[in-house]
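Chains U and G are the protein sequences, given in the same order.
When we follow the working numbering, the leftmost residue of the first sequence carries the number 1, and every step to the right adds one.
When we follow the working numbering, the leftmost residue of the second sequence carries the number 1, and every step to the right adds one.
To be clear, the hints were calculated from the coordinates, so they are not data collected in a lab.
The reader is advised that the hints may include incorrect statements.
To be verified - Pairs of lysine-lysine residues, derived as DSSO-like cross-links and limited to a Cα-Cα distance of at most 30 Å, are as follows: (1) G/Lys-58 with G/Lys-69; (2) G/Lys-61 with U/Lys-42; (3) G/Lys-71 with G/Lys-58; (4) G/Lys-105 with U/Lys-78; (5) U/Lys-78 with U/Lys-42; (6) G/Lys-61 with G/Lys-105; (7) U/Lys-57 with G/Lys-61; (8) G/Lys-61 with U/Lys-78; (9) G/Lys-69 with G/Lys-49; (10) G/Lys-105 with G/Lys-69; (11) U/Lys-57 with U/Lys-42; (12) G/Lys-61 with G/Lys-49; (13) G/Lys-105 with G/Lys-49; (14) U/Lys-42 with G/Lys-71; (15) G/Lys-49 with U/Lys-57; (16) G/Lys-105 with U/Lys-57; (17) G/Lys-71 with G/Lys-61; (18) G/Lys-105 with G/Lys-71; (19) U/Lys-42 with G/Lys-105; (20) G/Lys-71 with U/Lys-83; (21) U/Lys-78 with U/Lys-57; (22) U/Lys-83 with G/Lys-105; (23) U/Lys-83 with U/Lys-57; (24) G/Lys-69 with U/Lys-42; (25) G/Lys-58 with G/Lys-105; (26) U/Lys-42 with U/Lys-83; (27) G/Lys-49 with G/Lys-71.
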Amino acid sequence: EPEVTQTPSHQVTQMGQEVILRCVPISNHLYFYWYRQILGQKVEFLVSFYNNEISEKSEIFDDQFSVERPDGSNFTLKIRSTKLEDSAMYFCASSESGGKSYEQYFGPGTRLTVT
Amino acid sequence: AQSVSQHNHHVILSEAASLELGCNYSYGGTVNLFWYVQYPGQHLQLLLKYFSGDPLVKGIKGFEAEFIKSKFSFNLRKPSVQWSDTAEYFCAVNSDRDDKIIFGKGTRLHILP
Numbered sequence: 001e002p003e004v005t006q007t008p009s010h011q012v013t014q015m016g017q018e019v020i021l022r023c024v025p026i027s028n029h030l031y032f033y034w035y036r037q038i039l040g041q042k043v044e045f046l047v048s049f050y051n052n053e054i055s056e057k058s059e060i061f062d063d064q065f066s067v068e069r070p071d072g073s074n075f076t077l078k079i080r081s082t083k084l085e086d087s088a089m090y091f092c093a094s095s096e097s098g099g100k101s102y103e104q105y106f107g108p109g110t111r112l113t114v115t
Numbered sequence: 001a002q003s004v005s006q007h008n009h010h011v012i013l014s015e016a017a018s019l020e021l022g023c024n025y026s027y028g029g030t031v032n033l034f035w036y037v038q039y040p041g042q043h044l045q046l047l048l049k050y051f052s053g054d055p056l057v058k059g060i061k062g063f064e065a066e067f068i069k070s071k072f073s074f075n076l077r078k079p080s081v082q083w084s085d086t087a088e089y090f091c092a093v094n095s096d097r098d099d100k101i102i103f104g105k106g107t108r109l110h111i112l113p
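Chain U on its own, in the form it takes in the complex (with noise of 0.2 Å):
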């Protein structure tokens, strides 16, 4: 069965260092997401891609992070300068389509632990 896939499953970084986390999502999908737990809180959604642009952004989704979709398998979030409140689960998703009736999946996650 067909999954998405992330890496590194752990990274380790000094505040204000930049982190790309990387994803490859399922190949015949076309919305992609990301969202973050962190340690001991619920699952919070960050932001949705499609036909290479943000197609939707939470709150937390500032200026500091962004994504990208450099070819055709890769699906990237990139945290410019990292704050030790950034410490938390990332989860990429992907679903098929948007909205109603497209059912998301989701990777197994990259820790990210900022010290």
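Starting from the known structure of chain U, fit chain G onto it as the hints suggest.
Chain G alone, transformed into the frame defined by chain U:
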């Protein structure tokens, strides 16, 4: 704004006990409803979903959920739990107007062997 409330943060049951996890959402329009499960060390997996039709939805591993529109609820049930059901369970919703899924805080289920 949409929100999801899960009533139980931590539930401990013995094997073969029946399970019901509560979930309420707030949104005035048409919604899609989900239950996701996260087994220890694994990623989020979809247990079941409701988009339309029969409000009693059957999912994988013997789980089911009932959408009660008048109560804005989507409770998860399983008649007889197993030790392997130990996991965290997330209720989630999205509207027919946007793509993002709003998650509840999760319920950590621990099944005693």
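If you check each hint against the structure, which ones fail? 7, 8 and 20
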